[in-house]
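*Asks:* Residue numbers (the UniProt record's numbering), protein chains in the order written: chain A, 1 to 263; chain B, 1 to 447.
Mixed in with the good hints there might be a few duds.
[To be verified] The list that follows gives simulated cross-link-like pairs (lysine-lysine, DSSO-like), each with its CA atoms no further than 30 Å apart:
1. A:186 <-> B:255
2. A:37 <-> A:172
3. B:52 <-> A:186
4. B:25 <-> B:333
5. B:238 <-> B:52
6. A:186 <-> B:48
7. A:184 <-> B:59
8. A:186 <-> B:333
9. A:184 <-> B:48
10. A:184 <-> B:137
11. B:149 <-> A:186
12. A:184 <-> B:25
13. A:220 <-> A:186
14. B:255 <-> A:94
15. B:59 <-> B:43
16. A:199 <-> B:137
[Claimed, not checked] Selected chain B positions facing chain A (in silico; Cβ < 10 Å):
17. 257
18. 270
19. 297
20. 300
21. 357
22. 372
23. 427
24. 430
25. 437
26. 444
FYI, nobody ran anything at the bench for these hints, they're computed from the structure.
Just so it is clear, the structure is predicted and the values come from calculations on it, not from any experiment.
Ideal Cβ positions, reconstructed from N, Cα and C, are used throughout, including at glycine.
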Amino acid sequence: MAEAIKVPTMAEYMAQGKSPEVLFWVGCAGSFDDRAKKITKAFVKLLAKAEVDFAVLGTEESCTGDPAKRAGNEFLFQMQAVTNIEVLNGYEVKKIVTACPHCFNTIANEYPGLGGNYEVLHHTQFLKALINEGRLTVEGGKFKGKRITFHDPCYLARANRIYEAPRDLLKKLEVELVEMRRCKTKGFCCGAGGAQMFKEPEPGTQDVNIARTEEALETKSEVIAAGCPFCNTMMTDGVKNKEKEDSVQVLDIAEMIASAEDL
Amino acid sequence: MQYLPNILFVIALLAGVGFFVFNIKKLIRNIKLGREEDRSDNKGQRFKNMAKIALGQYKMVVRPVSGIIHVLVYLGFIIINIEVLEIIIDGIFGTHRIFSFLGGFYDFLIGVFEIFALLVLVGVIIFWIRRNILHIKRFLNREMKGWPKLDANLILYFEVVLMLLFLTMNAADLSLQTKGAEHYASAEGIVGAFPVSQFIAPLFENMSVASLILVERAAWWIHILGILVFLNYLYYSKHLHILLAFPNTYFARLKPQGQFDNLEAVTNEVKLMMDPDADPYAMPEEGAEEEVPAKFGASEATDLSWAQLLNAYTCTECGRCTSECPANQTGKKLSPRRIMMATRDRIEDIGKNIDANKGTFKEDGKQLLDDYISREELWACTTCNACVEACPVGINPLSIIMDMRQYLVMEQSAAPTDLNNAMTNIENNAAPWPFNQMDRANWINEN
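Make the full structure from the sequences, and use the hints.
*Replies:* Next comes the structure, spelled out in structure tokens:
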């Protein structure tokens, strides 16, 4: 990074008696996973470039409870949820953006019933809005004309019917978008959802991420675009397994926009 | 003796409809063995969904080949039922084509029935070829061996025979009308239009009126008795979907697919734990109902909600869910279709047990978990919702998987070790990985 971007916390805002336009919910992957941290940083650069007044919870953020709930531990999920809601409501948060579809789904759909009501956006929706409002400009840059496929994250696509925001962003990058055989409503999972990320798969003939990576490779794309840190990990592993990491990249759309803009 | 056929017909009709009603009552009783769940909201949206998905077959045509053929067979089934109404009235009163007073419109109707009968015949033959000759993967999964395969074929044979009988009946009727036979011929000329059976009629050219009447009556009787038998076959078959698709799509979940319900009993407990002023030893307020659930999640079919049991009875085992399930497609044991079939098998067994024991369930040493659905299947799910999306009649296999996982984790602490580690991490350091919560913001200052 040429110059460090200031990432304020909600506590700092609070101390100044101000509140930001939006809270950036980083999520566990975005905070701790080395690959996902790059997505976090790319998104932060875009927020800074668009001069968005944002903050993070920092050490006050904790797991939304998604993997616990999907593993069947409703008690642990609700403990996490209630703790988070207490923090969010304490800061009177109104609007949340996150780069993780699992955090997005949980906060948007499962928190309201427990007292947490916020406007929640996936980062692709948020970036699209910034572009539409003229706060962020995106030109093709280095991805212009390149063959690129987009892998629908289950918890963004089928789970919440968001199919177009990420694709619209790719169109702004003027890429040649090629769809996989199974996409949108029929999108094939990367294999990470339902807490599978944290366990070994059951015995079978193939790993889910390998099957999906094969499908992505069939499109002969140079980049597999993703919108979820877990899909990103799964597809990256798949590409490595197929020994294609020299010719095919797995990138989050935020990373693509940031690098197209040379940020 | 003149009225013997009428009497026999009425007896057959009453017996057929009576036994059907008897079984439907049993079906409703079994569904109500499930726990309560409120699906009475948003009636407008629910009607819309039923109209679009069940009546309009909107999701069937997502797969165009099987979808369009299915629409033909479905339309044929609905339209030909109008003819069944005439057959029933004729049977009771001994009349011949009672609706023929409709004149030209009647000719049009009969013509349309015949064309649909032919289309159904063709459609059903294609379905049979798809199931038995073409190697379509979703018809060959392990859960489709034995009875489910036979059941699927029996339905097709039933339909072939019924359509052939219908056309034979019309052909013999046309010949009788042409020959001016008493009771059949009308002063106004030929009654009905026979665009398809006119090609069968020449086969009967050299037959006497008496033999023709025999053919026509035999076809008529076997046709209507066949329909009554088929009606009663439904309860024992996956074909029940022709009825249950309607209530099932009406009562289907309306929330976003990603939203999993929050357990209310847990919410109360969590709120109590988080409330610093709460007295854990306090007596429940006067009159307040203290709801302690018997158990968390589901290990038995009766732990599921009535809507989930309705799902199970509605499943017609088409396998669209399984053919889109990432776990199944990569060779895992899980098949969402099998989850539904196993659930139906279990609630049926419970129902039979209740019937055999004078209305009370006698412990049979079995339960849905392990005896019908294995843990390996449950843990293979990625909760991706592909099965839910694929179902043409609004079944949600994922919700059953989730309820059973809840039982395994919350009642038995029987999660796979890796998951237990992840959950311990969430509990201790607020992330599924073993990182300290105090390090959560470290990325800000890393390069």
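*Asks:* Does each hint fit the structure? Answer for all of them.
*Replies:* Status of the hints after comparison with the structure:
1. Among the hinted pairs, residue 186 of chain A with residue 255 of chain B is consistent with the structure: their alpha-carbon atoms are about 19 Å apart, no more than 30 Å.
2. Among the hinted pairs, residue 37 of chain A with residue 172 of chain A is consistent with the structure: their alpha-carbon atoms are about 24 Å apart, no more than 30 Å.
3. Note on residue 52 of chain B and residue 186 of chain A: the hinted pairing holds, with a Cα-Cα distance of about 20 Å set against a maximum of 30 Å.
4. Of the pairs offered as hints, the one joining residue 25 of chain B and residue 333 of chain B is violated, with about 35 Å between alpha carbons and a cut-off of 30 Å exceeded.
5. Between residue 238 of chain B and residue 52 of chain B the alpha-carbon distance is near 22 Å, which keeps this suggested pair within the 30 Å criterion.
6. The suggested pairing of residue 186 of chain A with residue 48 of chain B holds, with an alpha-carbon distance near 23 Å, which does not exceed 30 Å.
7. Between residue 184 of chain A and residue 59 of chain B the CA atoms are separated by roughly 15 Å; this keeps the pair inside 30 Å, and the hint holds.
8. As the CA atoms of residue 186 of chain A and residue 333 of chain B are separated by approximately 21 Å, the hinted pair is consistent with the 30 Å bound.
9. Among the hinted pairs, residue 184 of chain A with residue 48 of chain B is consistent with the structure: their alpha-carbon atoms are about 23 Å apart, no more than 30 Å.
10. This hinted pair checks out: residue 184 of chain A and residue 137 of chain B have alpha carbons roughly 23 Å apart, not beyond 30 Å.
11. With a C-alpha separation of about 27 Å, the suggested pairing of residue 149 of chain B with residue 186 of chain A holds against the 30 Å cut-off.
12. For the given pair, residue 184 of chain A sits about 41 Å from residue 25 of chain B by alpha-carbon distance, which is inconsistent with the 30 Å threshold.
13. The suggested pairing of residue 220 of chain A with residue 186 of chain A holds, with an alpha-carbon distance near 20 Å, which does not exceed 30 Å.
14. Of the pairs offered as hints, the one joining residue 255 of chain B and residue 94 of chain A holds, with about 22 Å between alpha carbons and a cut-off of 30 Å not exceeded.
15. Taking the CA atoms of residue 59 of chain B and residue 43 of chain B, the gap is near 20 Å; set against the 30 Å cutoff, the hint holds.
16. Distance restraint check for residue 199 of chain A and residue 137 of chain B: the Cα-Cα separation of roughly 29 Å lies within the 30 Å cut-off, and the hinted pair is therefore satisfied.
17. About 5 Å separates the beta-carbon of residue 257 of chain B from the nearest beta-carbon of chain A, less than 10 Å, and the hint is met.
18. With 10 Å as the threshold, the beta carbon of residue 270 of chain B comes within range of chain A, its nearest partner Cβ sitting at about 4 Å, so the hint holds.
19. A cut of 10 Å between beta carbons decides the hint on residue 297 of chain B: the least distance to chain A is about 7 Å, and the hint holds.
20. Using the Cβ-Cβ criterion of 10 Å, the hint placing residue 300 of chain B at the interface with chain A is not satisfied: the shortest such distance is roughly 16 Å.
21. The interface hint given for residue 357 of chain B is violated, since its Cβ lies 33 Å from the closest Cβ of chain A, which is over the 10 Å cut-off.
22. Checking residue 372 of chain B against chain A: minimum C-beta separation of about 18 Å lies over 10 Å; hint violated.
23. With a cut of 10 Å, the hint placing residue 427 of chain B at the interface with chain A holds, because the nearest CB-to-CB distance is about 6 Å.
24. With 10 Å as the threshold, the beta carbon of residue 430 of chain B comes within range of chain A, its nearest partner Cβ sitting at about 3 Å, so the hint holds.
25. For residue 437 of chain B, the suggested interface contact is upheld, since its CB lies about 6 Å from the closest CB of chain A, less than 10 Å.
26. Against a cut-off of 10 Å between C-beta atoms, the interface hint on residue 444 of chain B holds, since the closest Cβ of chain A lies about 5 Å away.
The structure does not agree with the numbered hints 4, 12, 20, 21, 22 stated previously, though it agrees with the rest.
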